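Given next are the chains, with one letter for each unit.
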Amino acid sequence: MRVVLSNSAGVPIYQQIKEQVGTAILSGELAADTALPSVRALARDLRISVITTTRAYTELAAEGFIATVPGKGAYVRPLDSALVREQLLRQVEDGLQTALDAARRAGLQRDDLVQILDGLIQAERISQ
Amino acid sequence: MSSDLAFALRGVGTAVSSSFGLHEVSFDLPTGYVMGLIGANGAGKTTIIRCLLGMRPIDTGEIELLGHRAPGPVALRQDIGVVLDHTYLVGDWRLTEVERTLRPFYDRWDGVRYRGLLAEFGLDPRAKVKDLSRGMAMKLMIAVALSHQARLLVLDEPTSGLDPVTRDELVGIIGDFLLDEGHSVLFSTHITTDLDRIGDYVTLVHGGRVVRTGTKDDVLAAYRVVRGGPDDLSDLVGVQLIGLRQTATGAQALVRADEAGLLGGRVLVEAPTLEEIAVHTGARVPASAGGAR
Numbered sequence: 001m002r003v004v005l006s007n008s009a010g011v012p013i014y015q016q017i018k019e020q021v022g023t024a025i026l027s028g029e030l031a032a033d034t035a036l037p038s039v040r041a042l043a044r045d046l047r048i049s050v051i052t053t054t055r056a057y058t059e060l061a062a063e064g065f066i067a068t069v070p071g072k073g074a075y076v077r078p079l080d081s082a083l084v085r086e087q088l089l090r091q092v093e094d095g096l097q098t099a100l101d102a103a104r105r106a107g108l109q110r111d112d113l114v115q116i117l118d119g120l121i122q123a124e125r126i127s128q
Numbered sequence: 001m002s003s004d005l006a007f008a009l010r011g012v013g014t015a016v017s018s019s020f021g022l023h024e025v026s027f028d029l030p031t032g033y034v035m036g037l038i039g040a041n042g043a044g045k046t047t048i049i050r051c052l053l054g055m056r057p058i059d060t061g062e063i064e065l066l067g068h069r070a071p072g073p074v075a076l077r078q079d080i081g082v083v084l085d086h087t088y089l090v091g092d093w094r095l096t097e098v099e100r101t102l103r104p105f106y107d108r109w110d111g112v113r114y115r116g117l118l119a120e121f122g123l124d125p126r127a128k129v130k131d132l133s134r135g136m137a138m139k140l141m142i143a144v145a146l147s148h149q150a151r152l153l154v155l156d157e158p159t160s161g162l163d164p165v166t167r168d169e170l171v172g173i174i175g176d177f178l179l180d181e182g183h184s185v186l187f188s189t190h191i192t193t194d195l196d197r198i199g200d201y202v203t204l205v206h207g208g209r210v211v212r213t214g215t216k217d218d219v220l221a222a223y224r225v226v227r228g229g230p231d232d233l234s235d236l237v238g239v240q241l242i243g244l245r246q247t248a249t250g251a252q253a254l255v256r257a258d259e260a261g262l263l264g265g266r267v268l269v270e271a272p273t274l275e276e277i278a279v280h281t282g283a284r285v286p287a288s289a290g291g292a293r
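Line by line, the protein sequences give chains X and R. Take this note's numbering: the final residue in the first sequence is number 128, and no numbers are missing along the way. Take this note's numbering: the final residue in the second sequence is number 293, and no numbers are missing along the way.
Fair warning: there could be bad hints in the mix.
[Said to hold, decoys possible] With the C-beta cut set under 10 Å, the calculated list includes, among others, these residues of chain R facing chain X:
{"id": "1", "residue": "Val34"}
{"id": "2", "residue": "Phe105"}
{"id": "3", "residue": "Val171"}
{"id": "4", "residue": "Asp180"}
{"id": "5", "residue": "Thr215"}
{"id": "6", "residue": "Ala222"}
These are computed hints drawn from the structure, not numbers from a lab. Bear in mind the structure is a predicted one, so any value in this text is a computation, not a measurement. Here a beta-carbon is modelled for each residue, glycine too, at the ideal position from N, C-alpha and C.
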């Protein structure tokens, strides 16, 4: 497991751990059933407080990424398809929102946008 | 007596001199965590530690230590490792003699662990106590504490006078110790950066009183630091300015987070660091410590 903390990101440390571990699980870098370091080992290795690592793991568990077993540690849960789908949907929404913002600045209308999207889909079909 | 607390002080008071003492000192630490005791020189940190360890009597209140009401059974002392700001070991002893002398006092002394720790900490067993540097003497006392399988480690100003490398090593040693969730650590310091990361709980003391105690995040969230022009922080109603510092160019103070909304738009309101909290609460006169809880 790879966790790199920034002291100047303005993002709370527990949040940084949560995002990095969550991303690694979604990308498949951390496979299902992989054992994670205990909250205490992680706190020691990152030189941070036990409360901070506990909070990161608690939230990862609440969102279904990991399971914690008292006295044994934590491991990666199998990727639930609904969870993955939701994450992907969020990525699609974010991407479209970015496109929409740029389109507004460029003065493009809905039809222009749809035309661009159709063009992209067609180009992908041809290249396959 | 609940055993999920490493220790608890409840309403502890003691008179040290006619002008200084502890007043109504109450705070506790759940088992398995690190607490930093923060305060300026003379705030009462060492007095609190001495009371907790039974090295000085208390006039009022009570102390709970590892599930026992202090002073508790004599055997309880074996469960506590103490690192004071001066060494109690005889200067002419070699580190091997330190073990030979201390071993009979502890039922669970682990000689293999002691020698292993000396090697890990880079301490020569043939060296004499008096020839150790400040950092090495601190590590020796930690080695002793860990060799009798203490559950609670109490360190008084362990980082003062240490270089950054050794301070970092100490943070690592504390992290190793806390891998066992039955272990707890209390350490006093005025170097708040040591605590910014590894501290689970902090207790701020000033003038023999507890200014604030809680998880580090709760303590940080309880305050805001405000900065403004020279007159921006005068005539404020309903806001207590803690440790106000005024100069010709500006003013800075600490305020309670729930009062920060009353400040208006002209001043800069930011989340404080532990150091800023320590500086401003430490600057306060004890007599006006009305809202200190």
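For the hint on Thr215/R, just tell me whether its beta-carbon gets within less than 10 Å of chain X.
-> holds (6 Å)
Restraint outcome when Val171/R is required to lie within 10 Å of chain X by C-beta distance | holds (5 Å)
Classify the hint on Asp180/R as holds or violated, based on whether any CB of chain X lies nearer than 10 Å to its CB.
-> Holds - the Cβ of Asp180/R comes within 10 Å of chain X, reaching about 8 Å at its closest.
Residue hint Val34/R, partner chain X, criterion CB-CB below 10 Å | Check passed: Cβ of Val34/R comes within 7 Å of chain X, closer than 10 Å.
Would the stated hint for Ala222/R survive a check requiring a Cβ distance to chain X of less than 10 Å?
-> Cβ of Ala222/R sits 16 Å from chain X, so the hint is violated.
Proposed interface contact between Phe105/R and chain X, which counts if any beta carbon pair is under 10 Å = violated (29 Å)
Checked against the numbered hints above, the structure violates hints 2, 6; every other hint is satisfied.
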